[in-house]
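Asks: As a plain string of letters, each chain reads:
Protein chains: 2
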Amino acid sequence: MKLYDMELSGNCYKIRLLCGLLGIDYERVPVDLMQGQHKTEDFLRLNPRGQIPVLEDAGALIWDSSAILLYLARQYGGEQWLPLAAKPMAEVMQWLSLAQNELLYGLARARAAKKFNRPWDVEQCQQHGRLGLQVLERQLATNVWLAGSQPTIADIACYPYVALAPEGGVALAEFPAVLAWMQRIRELPGYVAMPGIGAD
Amino acid sequence: MKLYDMELSGNCYKIRLLCGLLGIDYERVPVDLMQGQHKTEDFLRLNPRGQIPVLEDAGALIWDSSAILLYLARQYGGEQWLPLAAKPMAEVMQWLSLAQNELLYGLARARAAKKFNRPWDVEQCQQHGRLGLQVLERQLATNVWLAGSQPTIADIACYPYVALAPEGGVALAEFPAVLAWMQRIRELPGYVAMPGIGAD
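One line per chain: the protein sequences are A and B, in this order. Heads up: the first sequence begins at 0 in numbering that gives the first Met the number 0, then just goes up one per residue. Heads up: the second sequence begins at 0 in numbering that gives the first Met the number 0, then just goes up one per residue.
Note that these hints are calculated values from the structure, not bench results. Take every hint as true, because none was put in to throw you off.
No copy is singled out in the list; a pair is fine if it fits within one copy or between any two copies.
Below, a list of computed lysine to aspartate or glutamate pairs in the DMTMM-like style, where the Cα atoms sit at most 20 Å apart:
id, residue 1, residue 2
1, K86, D56
2, K113, E6
3, K114, E166
4, K86, D24
5, K38, E136
6, K38, E55
7, K1, D41
8, K86, E55
9, K38, E6
The following block holds chain A by itself, in its conformation from the complex (with noise of 0.2 Å):
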């Protein structure tokens, strides 16, 4: 299996951190964002959408962090992180789109712009992303993680830009049961870190 990746991506660390909880080893193929290596046209053709992560496994060629969140946990993690029933999948992809719209375009870019210079309005991405705080604050107040009774995708989508959010100017002091789960997913078995993120 090969990770297309860099480092400092949180939505790349989603899937570094599904593999060490699933224990699956994969091969980490750097791109180098900094030279535009994800818009050649070689590249274009792993991802038409020219962004990391994608993933190459046994025939498959999938892009998108949701995409390949779902692709591993169907192919390596049977049914406790990502169920099958209608109700419990639907409300794992309920914080699949969470992470994607208020995290990734509020907290993730306002870590964006502020770090990697980013051309986005950074107060906007801020309230945008304590939105999507205030959301996971009000579900983890009364639950243990995102969906169901145990961890499972809706979780790892959501962690990485939620602990990363300081990066970006947005702190977490006021939201303790987001504090709490973030805790409770640091002391899973075969968690990883990435840098910015604590490993304790």
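Model the placement of chain B on the given structure of chain A, informed by the hints.
Replies: Using the frame of chain A, we list chain B on its own:
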């Protein structure tokens, strides 16, 4: 089944369209966004994000358009609209993500800025949306449907804001494969239209 709905919302239309194609009857509960009904405490109990659509069905309460599509496909669509094997399911998910990213934050935001006076940067949104259209065009130049060999919720998720793109100032003429795909969707048995999208 109850759908909390607004006629002009492309995200709500995704659900109405899939219900039409699946032949599902449901009750529409209009939500008055102009009056801020979606931000009331009553509504936040249905959806902590304060957004439409929300679906109530036999004890399930699902928010988020992608999650509702997944729910309906699993509950009522067999494996046609959402295949269950890892690779084809992940392929469907790729396009659900495109719909939640380039199409929503690009095409839908450009439309919302122009049509509903929302505070988004129209040109930035149009540019982001065109990137999504290019990815769709590339896929549809050699494929009849977005994922696999028959229509899935991937097509349903992407169609509305693509079809509404001209309302956001994004012309579709340079995307002939996308236009042909839109026509195929309109010919599906059970197809329903919405204001701004042709019925024929």
